[in-house]
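**Student:** The lines below spell out each chain.
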Amino acid sequence: MALWEQAHHPAAGGVVLFSGEVRNNHQGKEVSHLSYEAAEQMANKMIAALLDEAKQRWELQVAIAVHRLGKVSVMETAVVVITAAAHRAEAYAANQYIIDRIKHHVPLWKCEHFVDGGREWGGHCSCHEEPAAEAYTI
Amino acid sequence: MITLEFFAGLKDYFPPVMEVRETPEDINSLRRYLIDQQSFAKTLLEQCRFAIDDTFVQEDYPLRQGDLVLVIPPSSGG
Numbered sequence: 774m775a776l777w778e779q780a781h782h783p784a785a786g787g788v789v790l791f792s793g794e795v796r797n798n799h800q801g802k803e804v805s806h807l808s809y810e811a812a813e814q815m816a817n818k819m820i821a822a823l824l825d826e827a828k829q830r831w832e833l834q835v836a837i838a839v840h841r842l843g844k845v846s847v848m849e850t851a852v853v854v855i856t857a858a859a860h861r862a863e864a865y866a867a868n869q870y871i872i873d874r875i876k877h878h879v880p881l882w883k884c885e886h887f888v889d890g891g892r893e894w895g896g897h898c899s900c901h902e903e904p905a906a907e908a909y910t911i
Numbered sequence: 023m024i025t026l027e028f029f030a031g032l033k034d035y036f037p038p039v040m041e042v043r044e045t046p047e048d049i050n051s052l053r054r055y056l057i058d059q060q061s062f063a064k065t066l067l068e069q070c071r072f073a074i075d076d077t078f079v080q081e082d083y084p085l086r087q088g089d090l091v092l093v094i095p096p097s098s099g100g
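Chains as they are written, first to last, in my numbering: chain A, 774 to 911; chain B, 23 to 100.
Isolated chain B, as found in the complex (with noise of 0.2 Å):
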């Protein structure tokens, strides 16, 4: 299981937490899978980047069991 954290706009599409049973191989299969479950969110999430311990991660970097994944819309501070 992972747990996923979802800020900005993607909380309209989703919870702002939320665990995922079966771990996904890596983020690129994480984004598939969220894709697939809102797939109204869909151009959003491909813009999406994702960060473990507050790193950004790549589309290949592979999943642990209990990682916590920040799941981050395009910045727009300032």
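Just chain A, with the same shape it has in the complex (with noise of 0.2 Å):
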């Protein structure tokens, strides 16, 4: 809630919120949760230099993103983005570029954790625009 109240400007018509939730399966397998860690100070730099980056582009009033980092539960959230913009195509457009760049770019990994013990490092990102990382089982 403390960041959807950052998420309004007088300028801005169209809000968007992205949540990227934990999800209770991958492939077939139950996921217990997951854990995050970072290369936290780049991965904070690069966000920052990724909103302003959006914020020109799209020229928008609000840009945020925070991700956590360690234990994630299933359905709590991993990831936000909110983006405003004056119309909601450019607050999608960059809400949508920023989520992408941060799955594909920054330095943050994933590992999901299954019911059964196991675990697993990397992605399972649906994006077609690149490959996504190749996941390594442990």
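Among the hints, erroneous ones may be present.
To be verified - Derived Cβ-Cβ restraints for the label pairs, each shown as a range:
id, chain 1, residue 1, chain 2, residue 2, range
1, B, Q60, A, E826, 45 to 53 Å
2, A, L776, B, G88, 37 to 45 Å
3, B, E44, A, T850, 43 to 51 Å
Claimed, not checked - Some chain A residues well away from chain B (every beta-carbon gap over 12 Å; in silico):
id, residue
4, E778
5, Q779
6, E803
7, H840
8, F887
Simulated from the structure, these hints should not be mistaken for lab results. What you are looking at is a predicted structure, and each value in this text was computed from that prediction instead of being measured. For glycine and all other residues, C-beta sits at the position ideal for the given N, C-alpha and C.
Both chains are given apart, each in its own frame, so use the hints to dock them into the complex.
**Tutor:** Here is the structure:
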């Protein structure tokens, strides 16, 4: 709610909120939770630069992105991106751009922990603009 | 000597922080050195990017004594 309160602006007619949440399954396996880690200083710098870039490119009034680290349980939010612009088209486009860049370029990693005790580092991104990170199972 | 910092799945093969006494000439040499050290991590190391001073560097980036190099597996945030 605290983030959502920052999302509004008198010149913004469209506000988009994306919440990346933890799913309870992956390729037929039951997921108990995820854990995230980052090259934290570098990731923070990259996200700040990304938000600045998106703000300029789509003339956003508001651009916010927050990614959690550590354990995140099923149905909890792992990442939030909020964009506000004069019109919805810019807010949607900027929001998708920001989350795609975070998933593919920012040094952040998820580890899926399964109910059966196994774990798997890597991505299972549904994006098709570029190959998702190859998963590596331990 | 340079210092390496490893993340995510790479920590199954390397310690979180590792020192390399003989400074490799460049990132490409460092990548080959790491593959020699841990051949089981070859596929992952081939996909990794490297960063110095929080900036990604290219394969021919010359390494210097005292560099702190982040070894960055493919991102999987979100």
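**Student:** Hint by hint, say whether it matches the structure.
**Tutor:** Going down the list of hints, with the structure as the test:
Checking the proposed 45 to 53 Å range against B/Q60 and A/E826 shows it is violated: the Cβ atoms sit about 36 Å from each other. The given range of 37 to 45 Å is respected by A/L776 and B/G88, whose C-beta atoms sit roughly 40 Å from each other. For the pair B/E44 and A/T850, the supplied restraint of 43 to 51 Å holds, since their beta-carbon distance comes to about 46 Å. With a least CB separation of 23 Å from chain B, A/E778 remains clear of the 12 Å interface cut-off, as annotated.
Every beta carbon of chain B lies more than 12 Å from that of A/Q779, the smallest distance being close to 21 Å; the non-interface claim holds. Residue placement check: A/E803 keeps its beta carbon more than 12 Å from all beta carbons of chain B (closest about 19 Å). For A/H840, the condition that its CB be more than 12 Å from all CB atoms of chain B is violated, with the nearest at approximately 6 Å. Non-interface status of A/F887 relative to chain B is upheld: no Cβ of that chain comes within 12 Å, the nearest being about 15 Å off.
Of the hints listed earlier, those the structure fails to meet are numbers 1, 7, in rising order.
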